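Keeping their order, the protein sequence lines are chains A and B.
Under the working numbering, residues 4 to 311 are what the first sequence spells out, in order.
Under the working numbering, residues 4 to 311 are what the second sequence spells out, in order.
Derived by calculation from the structure, the hints in this document are not laboratory data.
If you're wondering where the values come from, they're calculated on a predicted model, not measured in any experiment.
Treat each hint with caution, since some may be false.
Which copy is meant is left open, so a pair is good if it fits within one copy or across any two.
[Said to hold, decoys possible] DSBU-like cross-link-like pairs, simulated, lysine-lysine; straight-line CA separation at most 35 Å: (1) 283 <-> 92; (2) 49 <-> 217; (3) 167 <-> 132; (4) 279 <-> 92; (5) 190 <-> 167; (6) 92 <-> 167; (7) 33 <-> 167; (8) 129 <-> 33; (9) 30 <-> 190; (10) 92 <-> 217; (11) 49 <-> 235.
Number of protein chains: 2
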Amino acid sequence: MEEKNILIFGHKNPDTDSICSSLVMEKFDKNLGFSVEAVRLGEVNKETQYVLNYLNLSAPRLIHEVNEGQPVVLVDHNEFTQSANGIEKATIETVIDHHRIANFQTTEPLYYRAEPVGCTATILYKKFKELNMEIEKKEAVLMLSAIISDTLLFKSPTCTIEDKTACENLAHIANIDIDTYGLEMLKAGTDLSDFTPEELINLDSKEFINGDFKFQVAQVNTACIEDVLQNKVDIENAMTNFMTQNGSNLFILLITDILNSNSQSIVLGDTTIFEKAFSKPVENNLAFLEGVVSRKKQVAPIILNALT
Amino acid sequence: MEEKNILIFGHKNPDTDSICSSLVMEKFDKNLGFSVEAVRLGEVNKETQYVLNYLNLSAPRLIHEVNEGQPVVLVDHNEFTQSANGIEKATIETVIDHHRIANFQTTEPLYYRAEPVGCTATILYKKFKELNMEIEKKEAVLMLSAIISDTLLFKSPTCTIEDKTACENLAHIANIDIDTYGLEMLKAGTDLSDFTPEELINLDSKEFINGDFKFQVAQVNTACIEDVLQNKVDIENAMTNFMTQNGSNLFILLITDILNSNSQSIVLGDTTIFEKAFSKPVENNLAFLEGVVSRKKQVAPIILNALT
Numbered sequence: 004m005e006e007k008n009i010l011i012f013g014h015k016n017p018d019t020d021s022i023c024s025s026l027v028m029e030k031f032d033k034n035l036g037f038s039v040e041a042v043r044l045g046e047v048n049k050e051t052q053y054v055l056n057y058l059n060l061s062a063p064r065l066i067h068e069v070n071e072g073q074p075v076v077l078v079d080h081n082e083f084t085q086s087a088n089g090i091e092k093a094t095i096e097t098v099i100d101h102h103r104i105a106n107f108q109t110t111e112p113l114y115y116r117a118e119p120v121g122c123t124a125t126i127l128y129k130k131f132k133e134l135n136m137e138i139e140k141k142e143a144v145l146m147l148s149a150i151i152s153d154t155l156l157f158k159s160p161t162c163t164i165e166d167k168t169a170c171e172n173l174a175h176i177a178n179i180d181i182d183t184y185g186l187e188m189l190k191a192g193t194d195l196s197d198f199t200p201e202e203l204i205n206l207d208s209k210e211f212i213n214g215d216f217k218f219q220v221a222q223v224n225t226a227c228i229e230d231v232l233q234n235k236v237d238i239e240n241a242m243t244n245f246m247t248q249n250g251s252n253l254f255i256l257l258i259t260d261i262l263n264s265n266s267q268s269i270v271l272g273d274t275t276i277f278e279k280a281f282s283k284p285v286e287n288n289l290a291f292l293e294g295v296v297s298r299k300k301q302v303a304p305i306i307l308n309a310l311t
Numbered sequence: 004m005e006e007k008n009i010l011i012f013g014h015k016n017p018d019t020d021s022i023c024s025s026l027v028m029e030k031f032d033k034n035l036g037f038s039v040e041a042v043r044l045g046e047v048n049k050e051t052q053y054v055l056n057y058l059n060l061s062a063p064r065l066i067h068e069v070n071e072g073q074p075v076v077l078v079d080h081n082e083f084t085q086s087a088n089g090i091e092k093a094t095i096e097t098v099i100d101h102h103r104i105a106n107f108q109t110t111e112p113l114y115y116r117a118e119p120v121g122c123t124a125t126i127l128y129k130k131f132k133e134l135n136m137e138i139e140k141k142e143a144v145l146m147l148s149a150i151i152s153d154t155l156l157f158k159s160p161t162c163t164i165e166d167k168t169a170c171e172n173l174a175h176i177a178n179i180d181i182d183t184y185g186l187e188m189l190k191a192g193t194d195l196s197d198f199t200p201e202e203l204i205n206l207d208s209k210e211f212i213n214g215d216f217k218f219q220v221a222q223v224n225t226a227c228i229e230d231v232l233q234n235k236v237d238i239e240n241a242m243t244n245f246m247t248q249n250g251s252n253l254f255i256l257l258i259t260d261i262l263n264s265n266s267q268s269i270v271l272g273d274t275t276i277f278e279k280a281f282s283k284p285v286e287n288n289l290a291f292l293e294g295v296v297s298r299k300k301q302v303a304p305i306i307l308n309a310l311t
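Take the sequences, apply the hints, and build the full model.
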């Protein structure tokens, strides 16, 4: 019987970290002699496509589910609600992540490495360093792109000194100017022109569960919040439909201004929880969140704490 | 305001790994400049006391619960059911463990390192090595004792080449003969003479939960199974009382022969799950498990799989 390839993937609605870290982890594991394949759980976004184009790389193969007993490596996520369909029955061998741990469990011991840094790729960078494994230019570009994306060019409060140092060292290997490349890459991701409202709210969307309360936090990056709000009514309709279909209690869409590091948010559903969490009224379904750019650090835990 | 000490502890009913790894992690974190204190969640068993006596060390301070917001480091466990009372409201900063992940969640990102090795101390040994941090004789003895305990002198199927190598290197630092020291230490743990049946079943006991099904697996080491079975009726009564008080569906007591690496088990409650899991009848509340010495690898996952 042929031995099963280990599948490596990031979360649903993959962002640049999920795609790039899957590819880097594939390289890392192959260097160690493992039979692995990076795959993805959804469409590649425009920001990530910019990175793949820069490197003349194809996107990993798209999968929708994993079979029972399939050995897998999770990067950039751990919550089953954000992972492949069937993940409960897969054999999770390794997790490399930088998020809270929740809605996750295994029956067997595993390799799990999480650190409270800004980006999964920063942990991968440390893994290469710890084994004195050479980082080639391709992997350097993948990792630095992921770091720039997750930290919004070091502006996010999730960014740590380790992320910045890793990115700078990787830029040296890749011979890339971080600011020039990074701004081009981020801007590529803000082109929302050919997305329907349904697509827009699903570009980078995550579900969180606390007891019986289910909430969704989606995020889009933009250089101009007003441009996005021109379709506010259509976006709200898409959000309402999503909530009905998914049984969500609350939906927050963060429209993040990457130049000024603020977010306008559209809030639908149980807005009282949002108002309690942020001590701020939701008016006309809107609440402006000054200085907020990080779902992980500045939104999800605030809502989760308000629920408990 | 004085900054809070970070508390470091292993699981309830602490075994040698839980106590020794707490003390080693305390040293590791202090070397890095953190303000930490190793504590424990229960009585020190005789095996561990042998190690502490050997090093002329006091046991860590006993605590029963942690306060809301208390920063903590968990070693050798992650499941809240095995941790301090109040753990849900503590701030878990770090976990170092070698068990499956379950009944665990945080609202914030954290540092989590798990590896599927035989002992937490083996991971700590790697952490010292990765930072080129010197290992002193005291920590060497603590870590090698934990490895000998968890792997039953390398005989457990949980033992990996990394555990054995770490133990050998640590024995070199400590100038200890592993076999001589190890057998003395293990034998110290098999002196069950002054325990009541209630104490016996609580010496090293863990609760597992799958959906609505709650089961307990306790383990005692012995050089002579028959000696332990002389009190079989009293032990069974203690197990039955525990199950009633705790609402457990199943209780398995593993009486492990450390010389021959087998376990006699007393099984009470929903024995059909046990019989399904091991394809073996329970007769007179007993089932002999040939070659079984590891709760983590050879018992808990077998029951968990039979439940799903």
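Evaluated hints:
1. Taking identical chains as interchangeable, the C-alpha atoms of residue 283 and residue 92 lie at most 35 Å apart only when they sit on different chains, with a minimum of 25 Å there against 42 Å within one chain.
2. Taking the shortest alpha-carbon separations for residue 49 and residue 217, only the intra-copy value of 28 Å comes in at or below 35 Å, while the best inter-copy value is 48 Å.
3. Proximity of residue 167 and residue 132 under a CA criterion of 35 Å is satisfied in both settings, with 15 Å inside one chain copy and 25 Å between copies.
4. In this homomeric assembly, residue 279 and residue 92 come within 35 Å of each other (Cα to Cα) only across copies, at 20 Å, whereas the closest approach inside a single copy is 38 Å.
5. With identical chains, the CA atoms of residue 190 and residue 167 are at most 35 Å apart within one copy only, with a shortest distance of 20 Å there and 52 Å across copies.
6. When the C-alpha separation of residue 92 and residue 167 is checked against a cutoff of 35 Å, the pair qualifies only between copies, where the shortest distance is 32 Å, while the shortest distance within a copy is 37 Å.
7. Taking the shortest Cα distances, residue 33 and residue 167 sit within 35 Å of each other both inside one copy (27 Å) and across copies (26 Å).
8. Both within a single protomer and between protomers do residue 129 and residue 33 lie at most 35 Å apart by alpha-carbon distance, with minima of 17 Å and 22 Å respectively.
9. Proximity of residue 30 to residue 190 under the C-alpha cut-off of 35 Å is restricted to the intra-copy arrangement: shortest distance 28 Å within a copy versus 47 Å between copies.
10. For a Cα distance limit of 35 Å, the shortest separation of residue 92 from residue 217 qualifies both inside one copy, at 23 Å, and across copies, at 21 Å.
11. Within a single copy, residue 49 and residue 235 get their C-alpha atoms as close as 22 Å, which meets the 35 Å cut-off; across copies the closest is 68 Å, which misses it.
No hint from the list above goes unmet by this structure.
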